[in-house]
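Chains as they are written, first to last, in my numbering: chain U, 1 to 99; chain A, 1001 to 1504.
Keep in mind the hints are simulated off the structure, nothing from the lab.
Owing to the predicted nature of the structure, the values given are computational and were not obtained by experimental measurement.
Hints may be right or wrong, so weigh each one.
Stated by the list, open to error - Subject to a maximum C-alpha distance of 25 Å in a straight line, what follows is the list of computed SDA-like cross-link-like pairs (lysine to any residue): (1) K78/U <-> P1074/A; (2) K1089/A <-> S40/U; (3) K1436/A <-> S98/U; (4) K1096/A <-> Q15/U; (5) K87/U <-> P1074/A; (6) K78/U <-> A1039/A; (7) K1494/A <-> K87/U.
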Amino acid sequence: MLPKAEVEETLKRIQTHKGVIGTIVVNAEGIPIRTTLDNSTTVQYAGLLHQLTMKARSTVRDIDPQNDLTFLRIRSKKHEIMVAPDKEYLLIVIQNPSE
Amino acid sequence: MFTDETLDALGVESLWRKSQQFAQESRGCQTWPVHTAEAEIQLLLNADNGTQTDPQDHLLYQLPFKGEFRPESPGLRDFLHRVEDIVVKELANNAKSHAFDGFDVNWEDPNETVSCIHCLQHPSAQEKGLQVTSISWSCTGSVIACAFGRVDDGDWSTEKSCVCTWNLDRRGLNPKRPDTVIDVARPVMSLSFHPSQPSLIAGGLYSGEVVVWDTNRTQDLILAQTGMSTDTHREPVYQVAWVPGPRRGEMVVLSAGSGGRVLLWTVDSDEGRLVLSAGFALVRQQVPHNSALSKNRGSSNVGVTSLALSPWDLDTFLVGSESGLVLKCSFSAQTLAAAPPDGESVTLRAPAQFSFSPRGGPVHSLHCSPFHRNLFVSVGTDGLAHLHSLLQPDPLLSLRVSDSYVFGVRWSPTRPLLFAAATGQGLVQIFDLGRKSLRPAATLDQLTGGQPVYCLEFNPRRKDLLAVGNADGSVNIWHLSTELTEQGPRETAKLEQLANEVAE
C-alpha cells in the first residue's frame, strides 16, 4: 500500500469507530496537519491540547524522571478527549462515549 | 426729464451663512474614449525566465483540505502505526465502559431553589396603571429594559408612556428607580435591544411608529424614528427585532404590526430617520392552504401579533396572526403582495410559504428552538403550548399550560428540552420535555394577585436569570435553580427524537 493511502486508511479506521466525533493529528510545533473537524475548532483543539500535553508530560517526568507520559484522557460532561503523544506528532481523538 | 427706469436688483451676499448645497455640473470630458483592437502579437514563443513569488514552504502552515494534495509528513505513517492499536483499544473500552455512569462533579454549589431576586418597578408608570408590554435584555446581559403600555385597551390610545432600563450589575441598584427613563408620547408595544451594541434599543409604538433610542446620549435619546409617513404602519407594532442587513455587520430593524405589514428599516443616524428598505404584506388571499379561514369575512389583512426569527436559517421567519394563523415566511420571497399600494416607497412582497394548523384565537408568542433547527413552540389564547416542527402542519405535541390565555413563551438558552410560558393568571410555567409527566417542572408565581404576565425573557449571558413582565407594571427577575439551567447528558438526543416523531 502507498504510504499516503495507509495514513488515510488508519485515520479512517479511527474516525469511524463508535462515537468518535473528530480526529486531529498535530505536529511537534502544535500545528494541525490532518483533521476531520472544521478549521476553527481544529485550531482551537490543537493549540490548547498541545500545551496541556506538554504540561502533563512535564508533570509526569517531574514526579519521576524515569517515567514518561504515554496517554492522556480528559473526560468532560459531554465527551472524552484522548491524546496519544509522541516525539514528533500528537493524535487527538474526541469521542462521545454514551452514543 | 423723468423717465421710467428699472434698476437691477442689488444683491448682498450673506457673510455668516454659507450655502448648503454645492452645485456642480459636468460639461464634458476631455478625452474621447480610446478604441483598442488587437492587431497582431509579436512573439512566437514565450518562456518563463524568473518569478517573483516567495518559495512555497508556507504551505506547510496552512490547514490542508481533505482529499487534496498535502505535503507528506515524514514519520507520520510510523507514528500512526504505533498509536493506532492503543487508541482503538481505548475507544472500544470507553464505548463499553460503565465506569462513569451517574458520576457528576460539583464545580459550583448547586442552587436548589428558584427565587425572585428583584422586583423592579417604576412608581409613576404604576400610578398611571400602565402595564409592562415587552422586556428585553441587552447583549451584555446586565441591563434590562421594559416598555410600558396597555394591552387591554381596545381604543386608539394617546397615553404617554415610557421605557425604563435597570442595570442589574450595578451596585446600589434601586428596584424602584430605573437607571434610565425614556418618555414616549404613545404606549410602547414591543422592545428589542441591538444584538451587539449595548446602548441601542428599538421600540414599536401603538401608533405604528418605530423608534430607535440610544441610551448613550445625554440629551435627546431618539437616534432614529420612522415618524408618521406613508411608509409607517397604520396599526400597533407588536414586534420589533434586529436582523442582519444586506451589508456585513449592519443590522436593520424589522417591525411587524397588526396591519399585516412586516417592514425592514435601515437606520440613518445622520438624518435621525428610519428608512424603509424592504417590506412584506400578509394578505389573506396569498396565505397558502387557507381553506379553514376563507369563511371569515372582514379585512383581508392578516394582522401580525407575534414574530419569531430562526437562529438557524437567516432567511426564515415565523409569523403568528390575530386570527390564529401560524405562517412560515421567507425574507427572500419574490412574489408581489396583493395588497393595494398605499403610497409606500417600496413594493411589498408576500412572504408566506407554509401555513401550520390554525388556532382559535390570536397567537401571542412564537419562539424557535436554539437547539434544533426544525422546532418551535407557539402559544395563544387557547391555553395550550404547541410544539411544532417546521416540516409539518400539525403540532408534534400540545401541552396544557393554563386555563386562561398564554401570553409569552421562550425556550431556555441552556437546556434543550426546557421552555417557559407566561399565563394570564399571573404564573410562569416551566416545562421540561424530558420528564414523563406533562405537568410543569416549576411554577413561578408572580405575586400580582392574579393579574396576567405579558412577557418573559431569559438572560442571554447569565443562564440562571429569567425576567418576567407583569400587568401590574412590575418586572420580576428570577434566579433559576441548577436543575432548570444545567444541561443534562442526553438532552440534545432526546430533542432530536422528539422532533423526528411524526404527528398522528
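Status of each hint after checking the structure:
Of the pairs offered as hints, the one joining K78/U and P1074/A is violated, with about 35 Å between alpha carbons and a cut-off of 25 Å exceeded. The hinted pair formed by K1089/A and S40/U fails the criterion: a straight-line CA distance of about 29 Å is larger than 25 Å. Our distance criterion of 25 Å between C-alpha atoms is met by K1436/A and S98/U, whose separation comes to about 21 Å. Annotation: proposed proximity of K1096/A to Q15/U holds, straight-line Cα distance about 17 Å (limit 25 Å).
Restraint check for K87/U and P1074/A: satisfied, since their Cα atoms lie roughly 12 Å apart, inside the 25 Å limit. In summary, the hint linking K78/U to A1039/A is not supported, as the alpha carbons are separated by about 69 Å, beyond the 25 Å threshold. Restraint check for K1494/A and K87/U: the C-alpha separation of about 42 Å exceeds 25 Å, so the hint is violated.
When each numbered hint is compared with the structure, violations occur for hints 1, 2, 6 and 7.
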